[in-house]
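Chains as they are written, first to last, in our numbering: chain A, 791 to 1234; chain B, 791 to 1234; chain C, 791 to 1234; chain D, 31 to 109; chain E, 31 to 109; chain F, 31 to 109.
Hints were generated in silico from the structure; no laboratory data involved.
Be a bit skeptical, because a hint or two may be false.
Taking lysine-lysine and the PhoX-like style, the derived pairs with C-alpha atoms no more than 25 Å apart in a straight line are [to be verified]:
{"hint": "1", "chain 1": "A", "residue 1": "K834", "chain 2": "A", "residue 2": "K960"}
{"hint": "2", "chain 1": "A", "residue 1": "K894", "chain 2": "E", "residue 2": "K70"}
{"hint": "3", "chain 1": "F", "residue 1": "K41", "chain 2": "C", "residue 2": "K834"}
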Amino acid sequence: MKSFIIKLFMALALTLTATSAMASSHEAPLTQQQQASDKNYESKSILTMVSDFLKTTGVVALANPDVPKNISKDKVAMYKFHQSWGRIIMFGIVFLLFWLAIAKGFEPLLLLPIAFGGLLANIPVADIAGPHGFLGVIYQAGLSNELFPIIIFMGVGAMTDFGPLLSNPKTALLGGAAQFGIFGTLVGAVALSQYTDIFNFTLQQSSAISIIGGADGPTSIFIATKLAPELLGAIAVASYSYMAMVPIIQPPIMKALTTDKERRIKMSTLRHVSRMEKLVFPVVVLMLAILFLPDSTPLIGAFMFGNFLKESGVVERLNDTLQNALINITTIFLGLGVGSKLEADKFLVPDTLGILVLGIVAFSVGTAAGVLMAKVMNLFPGTKVNPLIGSAGVSAVPMAARVSNKVGMEYDRTNMLLMHAMGPNVAGVIGSAVAAGVLISIFK
Amino acid sequence: MKSFIIKLFMALALTLTATSAMASSHEAPLTQQQQASDKNYESKSILTMVSDFLKTTGVVALANPDVPKNISKDKVAMYKFHQSWGRIIMFGIVFLLFWLAIAKGFEPLLLLPIAFGGLLANIPVADIAGPHGFLGVIYQAGLSNELFPIIIFMGVGAMTDFGPLLSNPKTALLGGAAQFGIFGTLVGAVALSQYTDIFNFTLQQSSAISIIGGADGPTSIFIATKLAPELLGAIAVASYSYMAMVPIIQPPIMKALTTDKERRIKMSTLRHVSRMEKLVFPVVVLMLAILFLPDSTPLIGAFMFGNFLKESGVVERLNDTLQNALINITTIFLGLGVGSKLEADKFLVPDTLGILVLGIVAFSVGTAAGVLMAKVMNLFPGTKVNPLIGSAGVSAVPMAARVSNKVGMEYDRTNMLLMHAMGPNVAGVIGSAVAAGVLISIFK
Amino acid sequence: MKSFIIKLFMALALTLTATSAMASSHEAPLTQQQQASDKNYESKSILTMVSDFLKTTGVVALANPDVPKNISKDKVAMYKFHQSWGRIIMFGIVFLLFWLAIAKGFEPLLLLPIAFGGLLANIPVADIAGPHGFLGVIYQAGLSNELFPIIIFMGVGAMTDFGPLLSNPKTALLGGAAQFGIFGTLVGAVALSQYTDIFNFTLQQSSAISIIGGADGPTSIFIATKLAPELLGAIAVASYSYMAMVPIIQPPIMKALTTDKERRIKMSTLRHVSRMEKLVFPVVVLMLAILFLPDSTPLIGAFMFGNFLKESGVVERLNDTLQNALINITTIFLGLGVGSKLEADKFLVPDTLGILVLGIVAFSVGTAAGVLMAKVMNLFPGTKVNPLIGSAGVSAVPMAARVSNKVGMEYDRTNMLLMHAMGPNVAGVIGSAVAAGVLISIFK
Amino acid sequence: METNLVVEGLKFMVLGMGIVFAFLGVLILVMNVMSKLIHKYFPEPDPTQAPVVVKGGEDKKKVVAAIFAAIMEDKKSQL
Amino acid sequence: METNLVVEGLKFMVLGMGIVFAFLGVLILVMNVMSKLIHKYFPEPDPTQAPVVVKGGEDKKKVVAAIFAAIMEDKKSQL
Amino acid sequence: METNLVVEGLKFMVLGMGIVFAFLGVLILVMNVMSKLIHKYFPEPDPTQAPVVVKGGEDKKKVVAAIFAAIMEDKKSQL
Ligand code: NA
Ligand code: NA
Ligand code: NA
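So here's chain A without its partners, still in its complex pose:
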């Protein structure tokens, strides 16, 4: 083996020396290039080098950030805060998100990549979220053009079973009512902006924020990128955090709005749904969206594409890839790309607090509206609906449905609401996409 390597080197040496002999004229420009390049390089003493190096450490950059000259004088304090304490606070927030994701199991699939992206985005000197850093490259490649949330929607569509909704169509109304969280919060955001001096959300920004109430991560990211990209980080973090906190946020609201008797309502077994129904359904929804609200079709179309591939039953390998490799890869990059918007100077602004507060309001209002809608439906004749499944109308598939089930079983251990709650749950996804379409349509 050794002899082989020696021979290899000798052969290469021969070839390349021959080349080299021919290359006398070829080298001149290289040398020039070198001189040009080295001209920029200035010799320094080793002490200067060490001190120069120390200046580029993160410690120095955090303790004493350089202020560019184009920052006006009255903003220097703010700028310095964002570059030093701001970054450190963001590290703390990121660690909090790590803890929520790992120890508390809050939507780790997206919160972990988002939080790690946020950690990387707040590193001084390296500018990883800048246009040439890899987070910036990822953001440009798939978030600025809204491609990643669309792909996620395809994957989620492939994972969704519309069977429960098809077997009990009227529960779709619950998924509609929950969208009240979106529009109620829109009014709230606008009111906050008009009547306080702290917040000044535009109508577009208010709309983007209110979508948090849709409890649908990719929809929130899609709309935020379209209407208010400057708020993307805060909206995405709020959206996924609250989706993750569904088991904490929803039960008190659900219990407050229902009577003990209502919570014990039993629902009849769901009828069997044929394969043909499931196959036709995604196309039917898409056709309705085309006829009535074409602006919602990018979202609904992507979702129904994934669902249709699954239900067709003839492209199992595409379905499998959609549900696994493709959605996982996209999730990693979507998370990192969203995280790149958690830079201190973008996240640590008063707006973020507003977004967090409005987000939880949106979520709660949506939950309440879903429950109340069920109670309204029970005023009409016909089979009764357990209002606990109304809260599942916010989306957050399948967690919200599980919460309905769990709360139901607290009052009657034999009352399995899970599949009944899946109906409003998936209707909530459609409802949010419709609401998103309305907002897109208004601001087009």
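Mind docking chains B, C, D, E and F with the ligands on chain A? Use the hints.
Same frame as chain A, but now just chains B, C, D, E and F with the ligands:
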């Protein structure tokens, strides 16, 4: 848990309020931005809003499409037709493709994504196939630069076994003869253009259309993108549809051109092919392509790359990914991207009818040429070839080979032609790539 | 079925004929377009066509390459050499790499795609590595922006177990010492440039070359792309080749620098490392990198992102995709993209010989430094370290650790050094990333 | 003349919730019609078994794999 | 005045190796401290079995899921 | 002077089919030569079993890996 959330909010509130206090100067421009942004927003009465909304519905857009001012007067009727009935007809065609793919099992892996892409591309108002829609983004990312068909070729290469061809090399001639479908159709297309007033295909367009006769989806897409991107949608749909209809199109032609005796010819068992032969083969083919037809090397190179990775036996994980995750992901996006070219104003033109007719002619001529070539080969001394495997020379791996096998067994249940037909089948892929290279070379 | 097709055609014919009737005005421009297009096409006799075709074959292009007019007279010989014999020599080198990868098992996962990319890049006429060829597209998409090596780093991070390092932290010093190979070679490269007339590496180029001593493929590619993209091909090939030749290069050096007694030193069993330690570790390393060397954080951050996802234990599906589909896909494209830089006129220059020689020097110096560091550590009181694990400090995970184990067992069959060597092995990855950060920081 | 944004927001709400409910209302109608049509014109041969047949092949594979895994598991612990 | 590049290279070496060792030295310190803190404040219940339990849990889940699937399969075919 | 495109198309056909057949003809020759050379200089030890061995190798690796994993698992729990 609840107390934790309260504390979290209070901490965030404190931080952000502090920030906010420092931010008085920071907010001024935000407010200005808001005003600027809101200036564009004009208050409307709720009735106006509803009526404005109704104008943006798909129903209105389909029933009464807006005509832009830059459309010249004599084209208004055509434009209106494409925007209204045109879209509806396209929906119908898309449903037909769904039916073919799902109920008839016609190449669903590509027809389903293509058809769904076509459905999305024909949605009014949303402009999903436009430069900012996600279909447009996908098209730009991987079709306009011809990357996706190349990746598909890599994956197909990794799935291909050249063993049957290596054990009976002369069957490669059958894969050559079938390319007559390509060039014969080229003449036909040109003749149609010259002698009728309906069609006016240029030489480039005729060449792109004729490649349908190669019965090779990615090659068709590659060439169409290069020579006639305006015809991509129709060519891709025709190509995959006819590949899928191989079991219907080929048998009558095969039977018409052979005698009963010929159909019963038995072929000797294939010899064993060593691993080394399979390993060297892809490199040998590529070297030949380099020496004689470098313009075919993007296609042949990508194909042989995949095959070489597989046969090397040392990169099993790459081979596995090529054959699964990567080709599946690319198939989804390739299909959607191709579908984006099924917009009514591009597809519902007389040219499409010409392409469909010429495509089936190309296919049939290729099939016939393969069969006839086998008969010619049998005129020479040596072991006889069953002409039924000639039809497999068109490519359409492995369906065409299966058709040969099936037709053969109709006449002699003990006559297994499958592996014998795989030889011309894979040779047909090489032959089509060579033919594609010739066309690229001519028009460069 | 047949009747269905006939009906389909008739329906389409009707629709399209109707369209056609309306399209009289629509066709005029098409015809014009055709004429314009065909005007460029000049009729030739079949003999001219054949002779024109023969001129575009690879044989002619290799035997008698065209020389563009903008090549100055004194460079014509060189240019011709690169276009003819140069390409042929590159084919030979590529076959050599195939042989090393397949027959000798040298890092086939990257050498095979790189070599095949090199083969494709050296094809005349087709220009596959040019801006419109698919290799060029791949290079632009993921190498020019350094995204692919970063993704590889994420995947490798997800595959790495820091347990052995955590259970014996001081072995990290061995991974530090091995970086001496990098900086020693930097001096060597600069000296070669200053004191010989053959080589004229700039400081940037010297730094990029010296990283080969880090025995870390993605780091080499990352740095080469940043500091000396013109040398990328040679550096990547050298880096992966030498990583692959670890079992040949290292043992003689290890044996020469150790006494028989040292080689028999037994190391105590590693302590158990808790899950929490493994979870916190990647974040701790990243925080240190942020504080002391932010310029290393793109590399260390990506690596620790992958590791953190794995150790979190809550995102198993992302971890699985990172370690499989995503890293495999990226490996294929990274290899092809790097291969696109193996064009003869870039690779067959004297510099390449220098890079190959300097690379092996770097590797050997790193190995030696690791072994010697272990001997230095043994001068201090405390448990003794077997110097054979010092060589593992160069990275080349896990091959270098396996070599330590194998050499150790040559002298004492009961001496299992594998897990002990994994400590310096993974520390070597961190060490190389730090060294890379220093070089980036210097040239920023 | 200044725009009262809150009023605008309220208008959005009316319009938005109206459209959401209209959409889902129509969807409910269509679902009901669709189900009836499908049950009439495309009845499943034996509605309860059809999906079993389709999926059955795959599920059985999974079961086999699962049993195999279980056995392996058992064997492992006996090693 | 010309720069002696070799001297520059040597300076790089001193700086670079200094930083590499400083970084890894600090890392060793931090690892030791971290391990102590973690063993003190987050002791594993039974350090040798914890990871086994984690993996076991998953495997068991799979087995349970498999058995469940098998039962469901059975039920479906009885319907 | 106008170009007769049909004549052009026919020329393409002659050129194209000529090249396709020439290419495949050369390929057939090369395949035959290659096979002879390979059988002479790289004969497979036992041609009918070789591929089995190759695949077997992988499977064996898996089995070995499984056994190894099981043992490691066992060891861990004994630590
Ligand atoms: Na929702
Ligand atoms: Na073909
Ligand atoms: Na290293």
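Going down the list of hints, with the structure as the test:
no. : hint            : in the structure
1   : A:K834 - A:K960 : violated (77 Å)
2   : A:K894 - E:K70  : holds (22 Å)
3   : F:K41 - C:K834  : holds (9 Å)
Violated hints amount to a single one, hint 1; each of the other numbered hints is respected by the structure.
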